[in-house]
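Student: Chain by chain, the residues:
Number of protein chains: 2
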Amino acid sequence: MGNTAKGQLSVVSIGPGSLDLMAPMARKAIENADYVVGYKTYIELIEDLCSGKTLMGSAMTQEVERANQAVDLAEEGYKVALISSGDAGMYAMGSLALELLQERNWTRADGIGYELIPGITAANSCASLVGVPLGHDSCTISLSDLLTPWEVITKRIRAAAEADFAITFYNPQSKRRRSQIVEARDILLQHRPANTPVAIVQGAYRDNQKIVITDLEHFLDYDIGMLAAVTVGNSSSYLFEGMIVTPRGYTKKYDITDGSIYEGQKRGRTLNVEALSDQNRATDR
Amino acid sequence: MGNTAKGQLSVVSIGPGSLDLMAPMARKAIENADYVVGYKTYIELIEDLCSGKTLMGSAMTQEVERANQAVDLAEEGYKVALISSGDAGMYAMGSLALELLQERNWTRADGIGYELIPGITAANSCASLVGVPLGHDSCTISLSDLLTPWEVITKRIRAAAEADFAITFYNPQSKRRRSQIVEARDILLQHRPANTPVAIVQGAYRDNQKIVITDLEHFLDYDIGMLAAVTVGNSSSYLFEGMIVTPRGYTKKYDITDGSIYEGQKRGRTLNVEALSDQNRATDR
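Keeping their order, the protein sequence lines are chains A and B.
Quick note: the first sequence, position 68, residue 68 per UniProt numbering, numbers continuous.
Quick note: the second sequence, position 101, residue 101 per UniProt numbering, numbers continuous.
In short, the hints are calculated from the structure, not lab data.
Note that the coordinates shown come from a computational prediction; the quantities given were computed from them, not determined experimentally.
Each hint should be verified, as a subset may be incorrect.
No distinction is drawn between identical chains; accordingly, a pair holds when it is met within one copy or between any pair of copies.
[Claimed, not checked] No more than 30 Å apart at the CA atoms, straight line, and that leaves these computed lysine-lysine pairs for DSSO-like:
#1 Lys266 <-> Lys175
#2 Lys6 <-> Lys210
#3 Lys28 <-> Lys53
#4 Lys175 <-> Lys6
#5 Lys53 <-> Lys6
#6 Lys6 <-> Lys40
#7 Lys210 <-> Lys40
#8 Lys210 <-> Lys175
With the hints as extra help, turn the sequences into a complete structure.
Tutor: Here it is in structure tokens:
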């Protein structure tokens with residue numbers, strides 16, 4: 001350990017926060033590390049794995065310092081696990097780590113070891129608790145304008161709304177940012193019915209888990225925390241027994257009660273749009 | 001086991017295929033099941049967990065039959081794990097299972113148990129092998145027109161291209177479907193430079209893993225399998241040491257070598273677009 005060997009930077013995804021949803025590969029990387037670096041709230045979630053390690057927790061806005069600290073330690077020869085909640089490659093420490101390595105003229109041949117271990121991103125963990133809202137094409141949009149101009153973000157909201165993507169909003173609001181989610185809703189309502197299903201999930205799979213299932217008209221009546229994910233169905237999504245279902249489209253082609261195929265359709269071939277029944281044509285996505 | 005107890009349907013995400021990337025919660029659901037139902041290729045990936053269980057593998061296009069089989073067995077009182085690769089809530093068995101329960105007038109109060117265990121979706125597992133291509137807003141689009149009209153799909157490609165989402169294409173092509181990925185590329189080239197980074201990942205974290213990192217101009221020169229994911233960077237993405245980096249935007253606000261903040265910017269506040277340097281303004285997303 002330490003100065004003699006070549007150091008290793010593992011950017012580790014811890015998933016939603018429950019150890020039960022962290023990949024064994026991530027667990028091993030944490031267990032093998034000399035140092036575990038991360039936002040202090042996330043460090044607390046995995047503390048059970050960290051006996052005998054040096055933990056470096058820091059505050060939410062200290063991402064740049066954290067990444068530098070992790071790379072410094074790896075360059076000193078240590079094995080470092082830089083942890084991110086969800087998937088480290090989405091709105092997380094992964095890109096910052098690579099940008100820093102680039103600033104330091106890192107090369108794969110001569111530099112420290114680098115790996116990124118994937119995890120279950122918030123979009124998927126939150127979705128799993130409220131049905132299947134992301135059953136078809138979907139996107140993630142961060143509503144934080146701390147690093148991205150608001151006009152870039154609204155362009156994306158508009159595009160996603162028009163093209164009927166199911167959407168997961170990350171960073172929906174904070175104490176200082178309250179207008180963005182309101183504007184996002186206004187844009188969505190121009191393209192989707194007011195009863196489009198919406199889920200607000202906070203602390204997925206953690207002790208403080210809180211779930212609201214509502215719709216575009218009403219979701220702003222509920223408390224939306226900074227770490228919540230807000231999931232909006234597409235125009236085919238509907239509610240069933242308190243869950244959101246976004247169909248993939250099997251009912252257009254098959255009698256799903258027995259798997260038989262409708263007249264005019266062929267298994268394994270392009271959907272025949274001409275042969276769709278009127279009912280199916282209304283939801284042809 | 002069997003007819004006396006209330007049955008349980010667990011829709012289980014197995015992730016990319018390596019047991020090392022399957023969540024412990026998914027593993028437990030499989031180990032606790034009487035029956036494991038799934039596409040036979042996926043069943044083979046988890047065979048090591050299945051001793052003493054009845055395995056029901058079926059062919060790729062038999063999704064409707066598989067879902068019916070799983071629900072039938074659960075209604076007979078068995079514990080059933082219906083497995084999906086990646087995340088079962090994305091282009092997978094989750095929505096079909098819920099649609100079937102609805103057809104059968106299932107209620108949460110009186111019916112079989114139902115749960116969906118999330119997993120690492122292909123977008124994230126494939127991304128982790130090629131850098132951080134999904135570091136900012138991104139979307140997934142399936143290019144399969146077996147259940148979705150092609151005009152709906154092209155509308156989404158166009159919207160994602162215009163609004164500068166990083167994109168992961170699922171089901172990029174098959175033996176019979178070869179034109180879709182070509183058309184998708186044509187649309188993308190209308191909005192992004194020809195040197196936009198593209199990754200083709202097949203068999204992520206499996207024995208047959210194959211990775212190509214190329215760009216929009218050249219990616220069609222390579223073999224793209226049916227189960228490959230094709231990941232396209234946004235207009236800020238670039239190559240670094242054989243990896244794709246899609247920055248989140250820290251370099252617009254911070255000197256990332258030491259975390260100090262640029263003049264005119266404030267930590268924890270909206271990005272001040274007026275204060276961006278010319279270099280940063282060119283990549284202001």
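Student: Does each hint hold? Answer for all of them.
Tutor: Hint check:
For the identical chains of this complex, Lys266 and Lys175 are inter-copy neighbours only, at 16 Å across copies versus 53 Å inside a copy, given an alpha-carbon limit of 30 Å. Taking CA atoms no more than 30 Å apart as the test, Lys6 paired with Lys210 passes between copies only; the shortest distance there is 27 Å, against 44 Å inside one copy. In this homomeric assembly, Lys28 and Lys53 come within 30 Å of each other (Cα to Cα) both inside a single copy, at 13 Å, and across copies, at 28 Å. Taking CA atoms no more than 30 Å apart as the test, Lys175 paired with Lys6 passes in neither setting, with 43 Å inside one copy and 46 Å between copies.
Within a single copy, Lys53 and Lys6 get their C-alpha atoms as close as 18 Å, which meets the 30 Å cut-off; across copies the closest is 45 Å, which misses it. Taking the closest pair of Cα atoms, Lys6 and Lys40 come within 30 Å of each other only inside a single copy of the chain (27 Å); across copies the shortest separation is 42 Å, beyond that limit. Taking the closest pair of Cα atoms, Lys210 and Lys40 come within 30 Å of each other only inside a single copy of the chain (21 Å); across copies the shortest separation is 37 Å, beyond that limit. Proximity of Lys210 to Lys175 under the C-alpha cut-off of 30 Å is restricted to the intra-copy arrangement: shortest distance 19 Å within a copy versus 45 Å between copies.
In summary, the one numbered hint that this structure violates is 4.
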